[in-house]
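Kindly generate the complete structure, drawing on both the sequences and the hints.
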Amino acid sequence: MTLKRMIAAFGCALFAVPAFAAYPDRPIKMVVPWAAGGDTDNIFRPFAPMLQKHVGQTVVIANVGGASGTKGAKESKDSPPDGYTLLAVHDYIHSTYYTGVAEVNYHDFEPICLIASTPSVLTASPKTAWGDWKGLLADAKARPGMITVGATLGSTSHFFPALIEKAAGIKFKYVSYEGLAPRMNAILGGHIDLTDSNLTQKGKVDAGQLKFIAIATEKRSSEMPNVPTLKELGVNVVYDVNRGVLAPKGTPADVLGKLESSCAAAAREPSFVDSMKKQATDVRYMGRKQYADWLKGNDDLNKALAKDLGLLKR
Amino acid sequence: MFELLASGIANIVQFKYLIPLAIGSLIGVVGGALPGITITMTVIVVLPFTFGLEPLQGLAAMIGVYVGGETGGLITSCLLGIPGKPSAVATTFDGFPMAKKGEPGRALWLGIWASIFGGLLGAVVLVGATGPLAKMALEFGPWEYFSLFVLALSMVAGLVEASLVKGLVAGAIGLVITVLGNDPVMGKPRLTFGIEFLEGGVPFLPVLIGVFAFAQLMSEVERMGGGRDAFAAVDRAVNLAVSHFKVIGEILARPILLLWSSFIGLVIGVLPAIGGSAANMLAYDQAKKFSKHPEKFGTGIPEGIIASESSNNANVAGSLVTIMAFGIPGDAVTAVMLGALTIHGIQSGPLFILQNPVLAYGMFAAYIVAHALVLIILWIGVRWMLRIVTVPKAALFPVVLVLCVIGAYALNNTMDNIYVLLISGLFGYGMVKFGFPLAPFILGVILGDQIEINLVRAIMTDDNPWLFLTRPISGGLLIASVLSVALAVWQHRRQQRKGVAPAQDDVDF
Chain B
1 MTLKRMIAAF
11 GCALFAVPAF
21 AAYPDRPIKM
31 VVPWAAGGDT
41 DNIFRPFAPM
51 LQKHVGQTVV
61 IANVGGASGT
71 KGAKESKDSP
81 PDGYTLLAVH
91 DYIHSTYYTG
101 VAEVNYHDFE
111 PICLIASTPS
121 VLTASPKTAW
131 GDWKGLLADA
141 KARPGMITVG
151 ATLGSTSHFF
161 PALIEKAAGI
171 KFKYVSYEGL
181 APRMNAILGG
191 HIDLTDSNLT
201 QKGKVDAGQL
211 KFIAIATEKR
221 SSEMPNVPTL
231 KELGVNVVYD
241 VNRGVLAPKG
251 TPADVLGKLE
261 SSCAAAAREP
271 SFVDSMKKQA
281 TDVRYMGRKQ
291 YADWLKGNDD
301 LNKALAKDLG
311 LLKR
Chain Y
315 MFELLASGIA
325 NIVQFKYLIP
335 LAIGSLIGVV
345 GGALPGITIT
355 MTVIVVLPFT
365 FGLEPLQGLA
375 AMIGVYVGGE
385 TGGLITSCLL
395 GIPGKPSAVA
405 TTFDGFPMAK
415 KGEPGRALWL
425 GIWASIFGGL
435 LGAVVLVGAT
445 GPLAKMALEF
455 GPWEYFSLFV
465 LALSMVAGLV
475 EASLVKGLVA
485 GAIGLVITVL
495 GNDPVMGKPR
505 LTFGIEFLEG
515 GVPFLPVLIG
525 VFAFAQLMSE
535 VERMGGGRDA
545 FAAVDRAVNL
555 AVSHFKVIGE
565 ILARPILLLW
575 SSFIGLVIGV
585 LPAIGGSAAN
595 MLAYDQAKKF
605 SKHPEKFGTG
615 IPEGIIASES
625 SNNANVAGSL
635 VTIMAFGIPG
645 DAVTAVMLGA
655 LTIHGIQSGP
665 LFILQNPVLA
675 YGMFAAYIVA
685 HALVLIILWI
695 GVRWMLRIVT
705 VPKAALFPVV
715 LVLCVIGAYA
725 LNNTMDNIYV
735 LLISGLFGYG
745 MVKFGFPLAP
755 FILGVILGDQ
765 IEINLVRAIM
775 TDDNPWLFLT
785 RPISGGLLIA
795 SVLSVALAVW
805 QHRRQQRKGV
815 APAQDDVDF
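Going down the list, the sequences are from chains B and Y.
Here our numbering is used: position 193 in the first sequence is 193, and no number is missing along the way.
Just add 314 to the spot in the second sequence (first one is 1) and you have our numbering.
Worth flagging that the hints you see were computed from the coordinates, not collected in a lab.
There could be a bad hint or two in this list.
If the Cβ cut is set under 7 Å, some of the chain B residues that face chain Y in the computed set are [what the hints assert, rightly or not]: (1) Ala-35; (2) Ala-36; (3) Gly-37; (4) Arg-45; (5) Ala-67; (6) Lys-71; (7) Thr-148; (8) Val-175; (9) Ser-176; (10) Asn-185; (11) His-191.
Lysine-lysine pairs mimicking BS3-like chemistry, simulated, CA-CA at most 27 Å apart [unchecked claim]: (12) Lys-202(B) x Lys-449(Y); (13) Lys-307(B) x Lys-502(Y); (14) Lys-231(B) x Lys-171(B); (15) Lys-330(Y) x Lys-53(B); (16) Lys-231(B) x Lys-307(B); (17) Lys-127(B) x Lys-449(Y); (18) Lys-277(B) x Lys-289(B); (19) Lys-258(B) x Lys-296(B); (20) Lys-502(Y) x Lys-313(B); (21) Lys-141(B) x Lys-171(B); (22) Lys-560(Y) x Lys-610(Y); (23) Lys-127(B) x Lys-231(B); (24) Lys-502(Y) x Lys-249(B); (25) Lys-502(Y) x Lys-173(B); (26) Lys-171(B) x Lys-502(Y); (27) Lys-231(B) x Lys-166(B); (28) Lys-303(B) x Lys-502(Y); (29) Lys-219(B) x Lys-202(B); (30) Lys-289(B) x Lys-303(B).
Just so it is clear, CB atoms sit at the ideal spot from N, CA and C, and this is done for glycine as well.
Below is the structure:
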């Protein structure tokens, strides 16, 4: 080996190391912008170890709740774009922007992957006088603006009941409860009447602690076939919450690529698929490109929704 | 319930849980025994080491620290007359005179056995009452939570401290700090002065670490005095031999005292915000009042030791009830534990036991088994404890301080936490210098957001403000908070008339 070659080889090694082997060389933080034990948390908790398995570094979940999930979003946006801080996100990133709760929107981030989609279920406290849509509708007409709904303001749990309000021509009263976990405490205690939840709460319905009023899907779910769809009740609302992973804007393409391929493999892991099935959530994988297009479409949709609902502030 | 508890104990005695529990208990005993090092500091030091563990392993370690700390604090109280921590102050009153009279072993083991009995009595309530209390906690709407927090703040400001006004001001400053940053409901920035870092608000754990580690340690450093080791003259080879049967007999011969002191400890533990430092004084005071020979208190009688030590261990059980049933911290130690739960992805609160029975009963079991471990640790190690606790503070304090800073950094791996720690440490030190108590301040910081959110929720649910008074639980809590302030005013007046300046002590609330 000539000296020249040796120097060249050495140079290659020197530059190659940071470019290929470097990421990830320390733990990755995944910000879940809601309280621990909520539904977003429940979906990303089983996902994180699978991502960790494929990305080859520890993935730590940090619950940064507050201000309708925008505190965590802001924190991730302001983190260095090096792939060591990720944001676990759902449709709220669009809705909080258009309702004026947040300055952060999806275009402050680079999409990595979409992983799951959960249909919304209108859920009632056991302490309400009615147990089905008919009773609720009659009560809402008799006492407009008096039925309380626990919601993360400006987020999906606000949009979903607002869509029902509009479709059914009724009026609710909204109370701020951030994330599903605190809402569950409040609804079980009867401090709010209604909330947006999903089939993850099936156990509590079976135990008689909660009442599912209707599910926002096209067809009834095989998990709970006795819960009617809103459509069959004459309320034309189909709504689900889609969850994915974002990275701060400016994260290098090779890092995004590594995360995307790890994410794809993680979403296929049987243990993740299983735990999603238990939570009545569909695994819905999209890669970077497809997710980016989807986000754009979803953003327009949310803007239109916010406008329709009279919540648009931009 | 007992099946669940049995399986919890079977679970916790596995090596993977028993080891962290034992290590935690040992660190707790040492941390509790070291004068100037509080249990809060010890838990903060242990916290970052639990991040990599399973949730139950981490919680077991912290419960070990808590139980070990409450017990370990009595060692220096009895043998040197220096409380190892604020919640063992009353133990010095009779423990030290008894040791001076030539019975150091009796004083020490009376305290240890009283701690164990008090702690286990607490366990009965912890296991039996947490579930029903959690059901009751579900009935707590925003009005009740708001009033409960107001009660907590007014009690800690009024009961524990020397100056009521300074206590209330300290609590108010704590509340103001939580106003900084984006509002918790709609995310509007407040008092951020355009500083981006402030928009996220001030994280409470770094503030807590700053105040309880930095500010308190600095005051300790001042007290050390010109480099001379205060422990130089201590006889480290004191004979601690004693008949355990006799000591246990002495405790069990006073069942009412044991039960009443443990009960006081428990109730004070369950009440948010006031902890061991109030419990041991109150229990001692009560024991004296109900005694047939109150004049003998302070001369080295067993009653004083039993009252103080059984109450401060039962207090731990009470605090655990509050975090598990209500999801709100009973004191600074449980505030750190609550932070640890969140880091591990567990939401504490009314649904905690239902949703995490294995973890909840694992925690109960850890609490019970920790008492056995602490007993073993002290049985084997008590003869060396005096050597350990007389380690020069010049070596000890810097180590503790560095570990606390690492703990603050490790919370979410950001330097911002260190800056918050530094600022709040300096601020807390200033407060100490001007005679402002730290406990109400930190409680304000811990509860501020919750007070605000619950106030907003209550008004959003129903715009009738009278509901705070007309809802029975909420109204009762608010009346209790008015009474507690009134009582504090009355007590301060009485003390002033007597011309006695109330004692200003450290508080590990």
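Evaluated hints:
{"no.": "1", "hint": "Ala-35", "result": "holds, 6 Å"}
{"no.": "2", "hint": "Ala-36", "result": "holds, 4 Å"}
{"no.": "3", "hint": "Gly-37", "result": "holds, 3 Å"}
{"no.": "4", "hint": "Arg-45", "result": "holds, 6 Å"}
{"no.": "5", "hint": "Ala-67", "result": "holds, 3 Å"}
{"no.": "6", "hint": "Lys-71", "result": "holds, 6 Å"}
{"no.": "7", "hint": "Thr-148", "result": "holds, 6 Å"}
{"no.": "8", "hint": "Val-175", "result": "holds, 4 Å"}
{"no.": "9", "hint": "Ser-176", "result": "holds, 5 Å"}
{"no.": "10", "hint": "Asn-185", "result": "holds, 5 Å"}
{"no.": "11", "hint": "His-191", "result": "holds, 4 Å"}
{"no.": "12", "hint": "Lys-202(B) x Lys-449(Y)", "result": "holds, 20 Å"}
{"no.": "13", "hint": "Lys-307(B) x Lys-502(Y)", "result": "holds, 21 Å"}
{"no.": "14", "hint": "Lys-231(B) x Lys-171(B)", "result": "holds, 19 Å"}
{"no.": "15", "hint": "Lys-330(Y) x Lys-53(B)", "result": "holds, 23 Å"}
{"no.": "16", "hint": "Lys-231(B) x Lys-307(B)", "result": "holds, 22 Å"}
{"no.": "17", "hint": "Lys-127(B) x Lys-449(Y)", "result": "holds, 15 Å"}
{"no.": "18", "hint": "Lys-277(B) x Lys-289(B)", "result": "holds, 26 Å"}
{"no.": "19", "hint": "Lys-258(B) x Lys-296(B)", "result": "holds, 23 Å"}
{"no.": "20", "hint": "Lys-502(Y) x Lys-313(B)", "result": "holds, 14 Å"}
{"no.": "21", "hint": "Lys-141(B) x Lys-171(B)", "result": "holds, 8 Å"}
{"no.": "22", "hint": "Lys-560(Y) x Lys-610(Y)", "result": "holds, 21 Å"}
{"no.": "23", "hint": "Lys-127(B) x Lys-231(B)", "result": "holds, 25 Å"}
{"no.": "24", "hint": "Lys-502(Y) x Lys-249(B)", "result": "holds, 24 Å"}
{"no.": "25", "hint": "Lys-502(Y) x Lys-173(B)", "result": "holds, 21 Å"}
{"no.": "26", "hint": "Lys-171(B) x Lys-502(Y)", "result": "holds, 26 Å"}
{"no.": "27", "hint": "Lys-231(B) x Lys-166(B)", "result": "holds, 14 Å"}
{"no.": "28", "hint": "Lys-303(B) x Lys-502(Y)", "result": "holds, 21 Å"}
{"no.": "29", "hint": "Lys-219(B) x Lys-202(B)", "result": "holds, 18 Å"}
{"no.": "30", "hint": "Lys-289(B) x Lys-303(B)", "result": "holds, 22 Å"}
Checked against the numbered hints given earlier, the structure satisfies every one of them.
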